[in-house]
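Asker: The lines below spell out each chain.
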Amino acid sequence: MAKVKLEHIKKIYPNGFEAVKDFSLDIEDEEFVIFVGPSGCGKTTTLRMIAGLEQLSEGELWIDEKRMNDVEPRDRDIAMVFQSYALYPHMSVYDNMAFALKLKHIDKKIIEEAVMHAADILNLKELLKRKPSQLSGGQRQRVAMGRAIVRNPKVFLMDEPLSNLDAKLRVQMRSEIYKLHQRLKATIIYVTHDQTEAMTLGTRIVVMDKGEIMQQDTPMNLYHRPQNCFVAGFIGSPQMNFIETLCMIDENQVYLMHQGQSFEVSSYLKEKLIKGNYHEKEVILGIRPEDLKIQAVSQNSIQGKIIIKELLGYETSVRMAFYEKEITAMVSSEEVIHMDHELKLYLDMNHVHLFDAQTKQAIAHAVDADLDVKGRNN
Amino acid sequence: MIQNKIKNGFIIAGLILLSVLYCYPIVLILINSFKIETAISTSTAFQLPTLETFAGFANYVQAIIANCFLTSLFYSLIITLTSVAAILLFTSMCAWFITRVASKWNKLLYYLFAFSMVVPFQMVMFTLSSTADALNLNNPFNIWIIYLGFGAGLAVFMFCGFMRSIPLEIEEASMMDGCTPLQTFFQIVFPILKPTMVSVGILEAMWIWNDYLLPTLVLDIKVYKTIPMLIQYFRGSYGRVEMGAMMASIILSILPIVLVYLIGQKHIIKGVTAGAVKG
Numbered sequence: 001m002a003k004v005k006l007e008h009i010k011k012i013y014p015n016g017f018e019a020v021k022d023f024s025l026d027i028e029d030e031e032f033v034i035f036v037g038p039s040g041c042g043k044t045t046t047l048r049m050i051a052g053l054e055q056l057s058e059g060e061l062w063i064d065e066k067r068m069n070d071v072e073p074r075d076r077d078i079a080m081v082f083q084s085y086a087l088y089p090h091m092s093v094y095d096n097m098a099f100a101l102k103l104k105h106i107d108k109k110i111i112e113e114a115v116m117h118a119a120d121i122l123n124l125k126e127l128l129k130r131k132p133s134q135l136s137g138g139q140r141q142r143v144a145m146g147r148a149i150v151r152n153p154k155v156f157l158m159d160e161p162l163s164n165l166d167a168k169l170r171v172q173m174r175s176e177i178y179k180l181h182q183r184l185k186a187t188i189i190y191v192t193h194d195q196t197e198a199m200t201l202g203t204r205i206v207v208m209d210k211g212e213i214m215q216q217d218t219p220m221n222l223y224h225r226p227q228n229c230f231v232a233g234f235i236g237s238p239q240m241n242f243i244e245t246l247c248m249i250d251e252n253q254v255y256l257m258h259q260g261q262s263f264e265v266s267s268y269l270k271e272k273l274i275k276g277n278y279h280e281k282e283v284i285l286g287i288r289p290e291d292l293k294i295q296a297v298s299q300n301s302i303q304g305k306i307i308i309k310e311l312l313g314y315e316t317s318v319r320m321a322f323y324e325k326e327i328t329a330m331v332s333s334e335e336v337i338h339m340d341h342e343l344k345l346y347l348d349m350n351h352v353h354l355f356d357a358q359t360k361q362a363i364a365h366a367v368d369a370d371l372d373v374k375g376r377n378n
Numbered sequence: 001m002i003q004n005k006i007k008n009g010f011i012i013a014g015l016i017l018l019s020v021l022y023c024y025p026i027v028l029i030l031i032n033s034f035k036i037e038t039a040i041s042t043s044t045a046f047q048l049p050t051l052e053t054f055a056g057f058a059n060y061v062q063a064i065i066a067n068c069f070l071t072s073l074f075y076s077l078i079i080t081l082t083s084v085a086a087i088l089l090f091t092s093m094c095a096w097f098i099t100r101v102a103s104k105w106n107k108l109l110y111y112l113f114a115f116s117m118v119v120p121f122q123m124v125m126f127t128l129s130s131t132a133d134a135l136n137l138n139n140p141f142n143i144w145i146i147y148l149g150f151g152a153g154l155a156v157f158m159f160c161g162f163m164r165s166i167p168l169e170i171e172e173a174s175m176m177d178g179c180t181p182l183q184t185f186f187q188i189v190f191p192i193l194k195p196t197m198v199s200v201g202i203l204e205a206m207w208i209w210n211d212y213l214l215p216t217l218v219l220d221i222k223v224y225k226t227i228p229m230l231i232q233y234f235r236g237s238y239g240r241v242e243m244g245a246m247m248a249s250i251i252l253s254i255l256p257i258v259l260v261y262l263i264g265q266k267h268i269i270k271g272v273t274a275g276a277v278k279g
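Order-wise, the sequence lines are chains A and B.
Take the first sequence: its position 3, counted from the start at 1, is 3 in our numbering, and no numbers get skipped.
Take the second sequence: its position 151, counted from the start at 1, is 151 in our numbering, and no numbers get skipped.
It is worth saying that the hints were derived from the structure and are not from the lab.
Being a predicted model, the structure only gives us computed values, none of them experimental.
One or more hints might be untrue.
Stated by the list, open to error - Cross-link-like lysine-lysine pairs, in silico, DSSO-like; alpha carbons within 30 Å at most:
#, chain 1, residue 1, chain 2, residue 2
1, A, K102, A, K3
2, A, K125, B, K194
3, A, K108, B, K194
4, A, K129, B, K266
5, A, K5, A, K154
6, B, K194, A, K131
7, B, K266, A, K131
8, A, K10, B, K104
Bound-form chain A, shown alone (with noise of 0.2 Å):
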């Protein structure tokens, strides 16, 4: 297994488009780093760069402190599961798992011991003498892995391998994948546009945007401290709520104004709002949907009609009108709840984000508050 290191990595298409800018990233061995963003982030075309099926247009990339520009594809030691698996149709399941050791002549007995290795791990053994077109979605998945596991490479790299199964067949292969990286403890780079992928398998998650990182951190890191509002938005489901207020600084007091209702932070936050001197600035209030809770208090409360209701099982999403925006609530199934009804929705103020309106930065979030605290006496 390895490390990989890219260096300001640039992605420049010769009609002038940016896919991937100034993209900086250290990997560390056995790490299993996620790329999450949307559609058009860049996140597939990096992979692809990693891979050497795409050309680096500036930076370096190096693997095992080996620097791997000009390297072919062929030549990096790295195995890739596709999105549409991209078997050889007309080779069986064995070959197309020992085509690599073959075009490496190495001795039948080896290979055949390396390929029935991964088919037992994967659970394939029946299936080695069956064409692709024979398999259904979730063991051709497990085909393409095992492509990948006999080679025994230094990194792995899978371009949204779940994206084709179905709901239920994703779930459980993605519990597989988890479970082989703490088999193979391998270094695995992973794309995905599913977040909840990302949160699941990840021991670090690279949230992209328009070519560039948002943020790189853990997943309880991405969700509980996102670094601006692109990755508050983008992580957790339903996302973020976001209301534009104006800060208010009053002899210590200090109130987030939204429309005439005022919200009052915690110390830790009003301390950071003071300090980063945000008197008559605007200021981004984020809220996840469950820390919105249906509690009779005045306080830091939100009211407005329900205009949708879905029914998720345990919980309920509700979404409601406040002015002119919408705001999402997740909350008990168990609560009684009608349509175009009035609702009041307690904001927990222990659990809110403050971004910069103009940057679209974090300032804090109220979370930060006990670390602060624990922080100050040691």
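Dock chain B against chain A, hints included.
Answerer: Frame of chain A, contents of chain B only:
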């Protein structure tokens, strides 16, 4: 329901009529190939051989032995096999390059190939025959280069159509697995192209096997005679025609190509329609 049955009845009747029309010349030749020379005439063409007129395999023996049919068969086979092999190999590689390397020159190349299909042979045949003489292409062992030129248009057109339906990711996967471009072509792309290979191969083989004009213009007729040239040779001079041997030769010449067609016919439809619809 009844309307559908009537409609199907008409279609079947039409198809039977068409197949009779197509089969009738072959049946006519087959019947007459078993008649003695004097019994073959326009008025008795459709009569089955009688005890007096039945020639057995005499016409076939004459065609094979007296008229050097086997030599012509050898030349026809050599020309057809080398030409078809060259067309399949070079045009599939060419189509791979055209479809996988996006450039305006390749687009132009593709249109040039497509255009070559509509250029009539008669337009180039005289310059071609003198060029063939100059380049020593006027023998059965080198004529494949000329056939490659004339057959490339249709072949490239068909291969390009199919190639576009092969996901690029399969080739990328082979590159990641350690293939060189040539290995990718021969170990991955070439086997996937099999249905189109068969259909292009059969179409080109039928044309080359039956071609009369090009070998007549290019080859030295006194030394090399392909089967269509041999059949024409039966007409002899002063209007004398060896009808029995000629009929037998035609039947013998049809057999190999019918056999090839029957073996590969299921691939023809697959190959021609490949890439037309998403699989």
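Asker: Of the hints given before, which are not true for this structure?
Answerer: Every hint satisfied by this model.
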